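Chemist: Can you build the whole structure from these sequences, using the hints too?
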Amino acid sequence: MSLSNLIKNWSNFRTRRPYEGQYDDSPYKWAMVIDLDSCIGCNACTVACYAENNLPVVGKERFGKGHAMHWIRIERYWGEGETLETEFPERGAQYLPMLCQQCEAAPCEPVCPVGATHHSPDGLNTQVYNRCVGSRYCSANCPYKVRYFNWWNYPERAWPNPLELQLNPDVTVRSKGVMEKCTFCMQRLRAGMDKAKTDGRILADGEVVTACAQACPTSAITFGNLADKNSKVAKMWKTQQVDLAKNVQEKTEDGIRGYRILEDLNTYPSIVYLERLRNMAS
Amino acid sequence: MNYCKKLFVWMFLIVIGTSLVSAEPFVQGGPIGSQTSDGYDALGPVVEQPIEFPHNTHAGRMQINCMYCHTYARRSNVSGIPRLDKCMGCHNLIEGVKDRPRIKKLFEYWANKQPIPWKKVHDLPDFVRFNHERHIQRFYFQEKRPVRETCGYCHGYIASMTTARRVKALSMGWCISCHEKDHLEKVGSTVTSHGPNDCWLCHK
Amino acid sequence: MSMGNMDRRDFLRVLGISGAAATLAGCGNTAIESGVEEVMSYVQPQDFVVPGIGVFYASTCTQCGSGCGIMGKVREGRVLKLEGNPESAISAGKICGLGQAAVQAHYNPDRLRTPMMRSEGGLIPVSWDKATQMLEQRLGPTSTLKGDQIAFLTGDISGHQRVLLENFLESYDSTHHVLYDAISRVTGQAASKAVLGAEQPLLNIDKARLILSFGNDFLGAGVSPVHMAAQYAKFRKAPRGTLIQIEPRMTLTGGNADRWYPIKPGTEGILALGIAHDLLQHEEFAKGVPDEVHALVKQYDQASVSEITGIGADAVHLIAGQLWNNSPSLVIAGPGAEGHAYGFSNVVAIQLLNVILANRGKTIEGQAEHPFPQLAPLQGGYRALAKLHEQMASGQCQALLIHGTNPVFTSPSNLPFADSMEKVPFKVAFVTHLDETAGNCDLVLPLLSAMEDFGTHVADYQPNGVELMVQQPLMEKLYPESRGFGDILLDILKKRKPDSYTAFPDYYSYIKTAVVKAKPVFKVTDSDDHFWEDALRKGVIKWEGKPTALEAKLSLLEVPKPRGLEADYPFYFVPSVRPDMRDGRHAYLPWLQESPETMTTIVWDSWVEIHPKTAAEMQIREGDVLVVQSATGSVRAVAYIFPGIQPDTVSMPLGQGHTQLGRFATGVGVNPYKILDPVFDAHTGELALHATRVTLRKTGENQNVVKDEGPTNFQNGHKLVATLDADQAKLSKEI
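Protein chains in written order, with the working numbering: chain A, 1 to 282; chain B, 1 to 204; chain C, 1 to 735.
Derived by calculation from the structure, the hints in this document are not laboratory data.
Treat the hints with care, since some could be wrong.
[What the hints assert, rightly or not] Across the chosen pairs, the derived CB separations fall in these ranges: (1) L93/B / P27/A: 43 to 53 Å; (2) V46/B / N130/A: 24 to 34 Å; (3) D264/A / A616/C: 57 to 67 Å; (4) P570/C / G206/A: 53 to 63 Å; (5) R17/A / G545/C: 55 to 65 Å; (6) Q114/B / K130/C: 51 to 61 Å; (7) Q281/C / E87/A: 21 to 31 Å; (8) K130/C / V46/B: 47 to 57 Å; (9) G545/C / W151/A: 54 to 64 Å; (10) W151/A / P612/C: 32 to 42 Å; (11) K105/B / P520/C: 48 to 58 Å; (12) P27/A / M172/B: 19 to 29 Å; (13) P50/B / E156/A: 24 to 34 Å.
Since the structure is predicted, the reported quantities are computational estimates derived from the model, not experimental observations.
C-beta: ideal position from N, C-alpha, C; glycine also.
Modeler: Have a look at this one:
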């Protein structure tokens, strides 16, 4: 939703839900597929994100208070229920790369009192730092807990000279009191989309990918344009029978792995996860 | 002065003001920090540069295209300060001015292989991204507007200045006011479009 | 890349200035400004350099020995980010977290910026003039050092820096190049060599239907993890292979296993023999196996193996069944099996399985033969260091030069390396950061970072032919006083042997000449300049070679003799190697300190992993401060309750506990190297890293464990990470 829509049509915006064919006229709708059977939990994506997006290192004390600023993190679970039923995790650990799900009906968006977070025309859940007043409502309302608040003025201490020379000039260094989150590497997308526009075309599949997808040693992360029906990501969503505009997915047969996390909250995420596999006979 | 007269003068000023707006890009702003009647023209401070570069000679008298020197503007986010060897490429051959103090300074920088520490004149906040390439491509190459109008919309009538001075507010409202206008898609076409207005287009 | 080296460096230098100025002022401008910030012009850039658009240069990652090709994104004279280089078969366009953090090593605020020299009261900064004077006095043409009087101690080394280093030693009639790596692979390599005839066989993970790994963390801290991860991803595609991991403490790879078994540390070889016993019941496998193997394996029936290893009798049978149902399989031994007094025998027993299962030539092959043996990587281990230590302590060693290793930090307490260093009159360290070993030296020389230097590297593990990796500077040096390792050696050599070396103005010209001279081997017909530019552009020169055949020698097979627990020390102590910290040399990188260790999600600390059952018996809660006591020493750390560990075992991560390595490493956690028992492998004499026994003592203190995981480790019925039986998935239909 654009700025003028945001101002003129506020109440509509608050109750918006995705609908079929929403992105048919749009050149882009960014989306992702993460294969949990390929993810090995190696943290290459998280470090890549630190490097690309100017994420501050907060140190032990602040990390302990939950102030860590990792836009993508590897969660590790031991069991699906409330306990580990066996003495040992004999089917391995459960790794989950968790980043902003870029929900189509994002719980964070309508609660922002100043419209600092909104939905972009290419389907991203954005955060405008200079508009943010730091109410933190969005973070409270996010079921995935992927919004990160700047409790401190990190630019002053997180990059002692000359570490700041590594900062990416295309990404704002956030200061105290603002919320931040995964942007699907908007700076990369924007640069690519601008170039493509100058050439009078749309971005080719795989021409621009996020930093996490580019680094991933097992290529577990597939990123692309869902509005382009021929993109790999669109084909994967289709084969996995996940529909962006549905909150209950109907699968024609068993064994189709695609699912979206906490879909029952009607958030309509833009990331499809593929179920982790285990050879239960072994 | 009675009330009517005051009103008349005021209205007159507004009319002048509006006509000046329509005569963009050649309008200059008001005093430093001021907001003129259209709210958007504002004169920045005079910035002292290491070399008092005469834009009026290059762009004015010599009629050199802005992009002859600011060559990155059509290819990159930033227009870039011309590379030093670009200056030297011409000035090596212009014997008549080699003894002038400004040119001497230039030769000194070149001899030391030192970059010239220019001061930024049009410096947007760090959370804003402005893409020169898209604007040049859209208005200069697609719509075939004169280069001075294209660049001058934001930078003013540089051909009348020595070192550049900011004459536009460059504020968000000013950007939006233009993005909301209908612009011809192409030269000779009647199809119009306005600029994008998504937050993340300019905020990074 | 039409300009030569010097031009490129000059232009980078100029850019370096402008880039620095632009960024320093670039933090925190929130208004529209005029005349505040500086914007500098390029002086004479190359035509493809456009301000605001990054240029990628190919280079080589030097963070570990894997030799991955990387690409550095350079903008306004600064290297901003590293990506994998698709040209290299090793990294294939991918990169790990450790590799990404190389930029932080380069920009690290604690980098050594000037030479340091010992004077009364410690190391003080000195000029290069003074440092050179001292080098020349001690090592120059008038030096009388000869043979073993001089020693060059390094970590893994390959390429032309190895050649130059050996030539340097040769000028003293010495071959005293001592290689030391704290996470040594010597035992495993020796055993592989003994059985298969190859120290590091080629593992075709993608071709295997089943992988049985005995404590090999090949996806994390193993050999060439980025390459292995890509292979693993193929292995998991249809038809999906199965991974069975057997190890006392769950590694990153163990967390990915279809089935994970906790084994009593050191009994891996026995389990392998037990599986062999089961397999040899089948005629198909039994034929061709020598009688002595049959005789030896016979005693390891399921019941006795189960008793020794702690793994159920049915599990042994199940694993054997999986192996014969899924061919070709691949059996890998890892540090968990190697690090014992009979680690060699363990690995031999494990490799026996590959022979019985006829995996040779299918999933396990020999690496291609090396066209340039003089450039091949060298690795070392504990035994070489111990020998050097003795020589030093006896006063034989007159000059010690150290590069790429930190023995004062990593040596166990039975080998007090700092003490023997005192007996050496002249010690030089070549470092980018002042570490514990450099802190004990007389002269410390500041090196260029990996982002600033030229070099050539040959990886330990060559998946496809042999690749000569080229490293080139991604930006101009940050500190004028820092110098390249090769340049320093070359300078000394020029004085000692002017005839041979004056032709080379610097290390760059040395490697360029050497690489170009090797052109015929690569069967390239380009001009010399073209060949070299192409090498720089691609970052890799490929030599095509075929995998070689492996032997099968079973004569060395013998019975591993696991050592049990003792009453005084009732726990096995298994130190874990973190994929990002490795032996501890990377602890000064803030991204890695803040990157949660995946299995525990703990950051910025050391911890003791304990099985929940054991913790309950001992009434230990998470965060209880424990003293871990071995026969040789003790360390204090917080307890972390961890289900992925054998209940008689406790584990601590290596790499933390630095006393000197900059602000991000110093004072973080404790150093478990110092409590390792002096147990050595019977065949190779290597320190057995996994053979320590400890006891735990509670201190009564409790601290908050700083970790990323929330209050629960479980999904509580939410579908977060869903698991599907692999049989039900329709992988072949997927895209």
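Chemist: Taking the hints in turn, state whether each one holds.
Modeler: Structure-based check of all given hints:
Separated by about 48 Å at the C-beta atoms, L93/B and P27/A satisfy the suggested range of 43 to 53 Å. At about 28 Å, the beta-carbon gap between V46/B and N130/A stays in the expected band of 24 to 34 Å. For D264/A and A616/C, the Cβ-Cβ distance of about 35 Å falls outside the hinted range of 57 to 67 Å, so the restraint is violated. Between P570/C and G206/A, the C-beta spacing of about 55 Å keeps the proposed range 53 to 63 Å intact.
The hint said 55 to 65 Å for the Cβ distance between R17/A and G545/C, and at roughly 59 Å that hint holds. Checked against the given bound of 51 to 61 Å, the beta carbons of Q114/B and K130/C, roughly 30 Å apart, lie outside it. As the Cβ distance of Q281/C to E87/A is approximately 29 Å, the hint placing it in 21 to 31 Å holds. At roughly 50 Å, the beta carbons of K130/C and V46/B sit within the given window of 47 to 57 Å.
Here the CB-CB span from G545/C to W151/A is close to 55 Å, well matched to the stated 54 to 64 Å. Separated by about 33 Å at the C-beta atoms, W151/A and P612/C satisfy the suggested range of 32 to 42 Å. The hinted window of 48 to 58 Å between K105/B and P520/C holds, with their beta carbons roughly 53 Å apart. One distance hint, 19 to 29 Å for the beta-carbon pair P27/A and M172/B, holds here, with the actual separation near 25 Å.
Between P50/B and E156/A, the C-beta spacing of about 30 Å keeps the proposed range 24 to 34 Å intact.
Comparing the model with each earlier hint shows violations of hints 3, 6; every other hint is respected.
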